[in-house]
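Make the full structure from the sequences, and use the hints.
The chain contents come next:
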Amino acid sequence: MKAGDLGELALRNLREAVLRSSLTTLGVAVGVASLVAWLSLGIGLQALATKRLSNSGLFDTVIVTQRRNLQGMRRPPAEAAPAADARALDDDAKKDLEKLPNVVEVYSQTRFPTEVRYNGNPYSTIVAGIPVSAKGNGSFDGIQGSFFSGSNADEAILQIEFARDLSTQPSSLIGKDLIVRYAERQALPPQAGGLTGGNNSDPDAGGFSIVPREKKLRIVGIIETEPAAGFGGFGSGRLLIPLEVASSLRAAQVNDLRDAVRAIKGKPVYASLTVRAKSPALVDGIENAIKKMGFGTFSLLDATKNLAVFFKIFDMLLFIFGSLALAVATLGIINTLVMAILERRREIGILKALGAADRDVKQLFFVEASVMGLLGGILGVGFGWLIGRAVTLGTNLYLKQQNLPSTDVFSVPWWLVLLAIALAVLVSLAAGLYPATRAARLNPVEALRYE
Amino acid sequence: MTTGNGVAVRAERVSRHYEMGAAVIRAVDDVTLEIRAGEFVALLGSSGSGKSTLLNLMAGLDRPTGGAIFANGRNLSELNSLELARYRSRTVGMVFQSFNLLPRMTLEENVELPLRLAEVDRGERGARVQEALERVRLEKRLTHRPSELSGGEQQRAALARALVNRPTLLFADEPTGNLDSATGESIMLLLKEIQQKLGMTIVMVTHERPLAERFADRIAALADGKLLTDGVNS
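For the protein sequence lines, the chains are A and B, in the order given. Residues 206 to 656 (the working numbering) make up the first sequence, in order. Residues 93 to 326 (the working numbering) make up the second sequence, in order.
A few of these clues could be false.
Facing chain A, according to a computed beta carbon distance under 10 Å, are these residues of chain B, among others [to be verified]:
1. S144
2. D154
3. S173
4. A177
5. M186
6. L194
7. R208
8. A210
9. F307
10. I311
Keep in mind that the hints were calculated from the coordinates and are not lab data. Remember, predicted model here, so these are calculated numbers, not experimental data. Glycine included, every Cβ here is placed at the ideal spot set by N, Cα and C.
In structure tokens, the structure reads:
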């Protein structure tokens with residue numbers, strides 16, 4: 206039989222048993238809705254986590270460290286001494302890193318503890334230098350106020366948590382001034398018995414002293430993201446200033462004590478460098494190239510790999526739970542079609558007497574099953590979406606009560622819509638297999654005798 | 093189409109036995125019968141004589157357990173289920189005692205059904221349905237459902253459905269069994285007219301000897317699955 210005729214006859218048969226067909230279709234819809242709701246929750250949560258991490262602006266960066274430094278900080282090396290030829294993370298290395306393909310910029314991490322004075326009150330926090338190029342990487346999307354007006358501007362952007370410490374109305378801080386108190390590092394002249402490294406040109410070769418300083422900064426913006434989270438440093442930067450301003454302060458950093466006792470051919474070295482890639486997709490290649498250069502690397506991609514594994518398992522479990530309802534719906538389809546065989550036994554006999562092949566009868570039942578699956582799938586996706594909207598609404602009401610920003614915990618991407626509908630049709634076809642085969646095998650003479 | 097020498101269907105020592113537990117029911121037992129093209133043959137017998145079983149075997153609705161049935165020059169026993177379905181669709185037309193029209197379809201849809209199964213083009217179907225219904229004089233009842241027709245009209249509609257694929261063999265199983273005598277006679281006249289006008293081979297099962305004697309060219313009488321007599325109706 207031609208496809209069009211099969212479709213017409215199948216729809217006619219479904220219309221004849223409209224109540225039973227509708228209830229079966231509804232069963233499939235509930236199963237698909239359950240599947241879509243659970244999976245879209247998993248996808249939504251994954252998207253939420255990824256978005257939060259992406260907005261940190263660090264997905265396109267690689268932190269480069271000198272290999273032996275990190276080993277030394279963690280535990281005694283397995284070998285008696287670190288490799289003597291470990292490459293220093295100095296200006297030469299920085300230039301080499303800048304030459305790597307797909308690298309946008311390379312800069313040193315500047316982050317230091319400080320005491321902020323605002324309205325006469327002291328607040329402890331961490332200052333982080335941010336390159337002006339960070340403006341376009343997404344981490345400052347949704348900023349209240351504005352980004353730094355220039356690379357040398359005496360301006361600050363506050364992370365929302367710190368801004369709340371300063372004022373119950375964070376937005377009112379924009380345009381106000383605050384004082385940053387920090388420890389400036391001042392170089393001392395070389396002393397006898399100090400470290401020497403041959404041709405010593407390090408300005409800090411004689412050590413350094415710490416001098417308290419103050420700097421007035423104007424608050425220009427407030428952000429909810431954490432572009433200077435603890436990644437590559439020792440704590441979250443809550444007060445962000447232009448990188449060049451941060452470098453010019455020569456503020457003492459936590460690694461200064463370690464650097465003071467380090468001697469590498471007399472050249473100044475960096476504790477770490479941040480390498481920014483053109484896009485997150487290129488981070489992996491850049492990381493490998495840097496490793497080949499003899500440096501240690503770390504990127505958020507490493508961390509997100511574990512996150513991805515977690516969400517894969519999470520999604521799989523949600524899929525299993527969601528599929529249970531679909532499995533029940535499958536039994537409903539089988540029941541409906543088996544009942545249809547009993548009711549239409551004589552009709553099947555007539556069809557066969559008029560020339561229907563076993564294949565035609567089988568296909569007719571398959572089309573009926575797949576129509577129920579298709580309609581159930583479409584309805585189910587709609588129901589699943591509605592469930593998602595309702596849960597998101599409820600969640601956001603709760604978050605609002607908790608003074609937390611609203612968020613979308615459900616995500617129904619197109620591929621999930623198509624997958625759910627395709628799965629509903631496939632499951633329906635599988636459910637129709639037994640009834641269709643049974644109907645096709647009916648002996649026409651016996652079927653015609655059936656009253 | 094014939095099996096050769098003007099023979100439309102030939103049953104050769106055909107048997108159809110059923111096993112019911114330990115017992116064997118010999119519904120048709122070693123029957124040999126030849127039906128010539130264009131002939132009107134009545135299979136006559138009482139209930140349980142095996143006449144309907146023999147008709148089903150010749151119509152390709154059932155398979156014999158012994159012997160062979162030749163139609164279209166081929167042994168039906170050797171056809172696979174798809175080939176047998178094609179034989180039923182393109183060569184055979186069937187009329188039943190209880191009409192067997194699909195109640196939820198209109199007359200037009202019922203008559204069109206064999207055309208769908210035979211994959212006839214949609215464009216051609218309307219004219220074929222019209223032609224078949226005109227032949228049984230029901231062309232004005234296209235949109236009626238079977239429940240809106242009398243018994244005689246339903247049987248004529250069933251006849252139109254059997255003719256719509258232009259078969260060469262028409263098998264009728266007690267076509268007047270559910271009709272009063274006057275209506276039954278009108279159906280028989282219609283069958284005779286079809287045989288004469290279209291040159292169609294008709295095999296009819298009946299238990300009414302007068303009907304067989306009045307309309308059939310030949311009468312084959314069966315009892316207990318065996319062919320008792322086979323002769324030209326004088």
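Hints violated by the structure (listed by number, smallest first):
Violated hints: 9, 10; rest satisfied.
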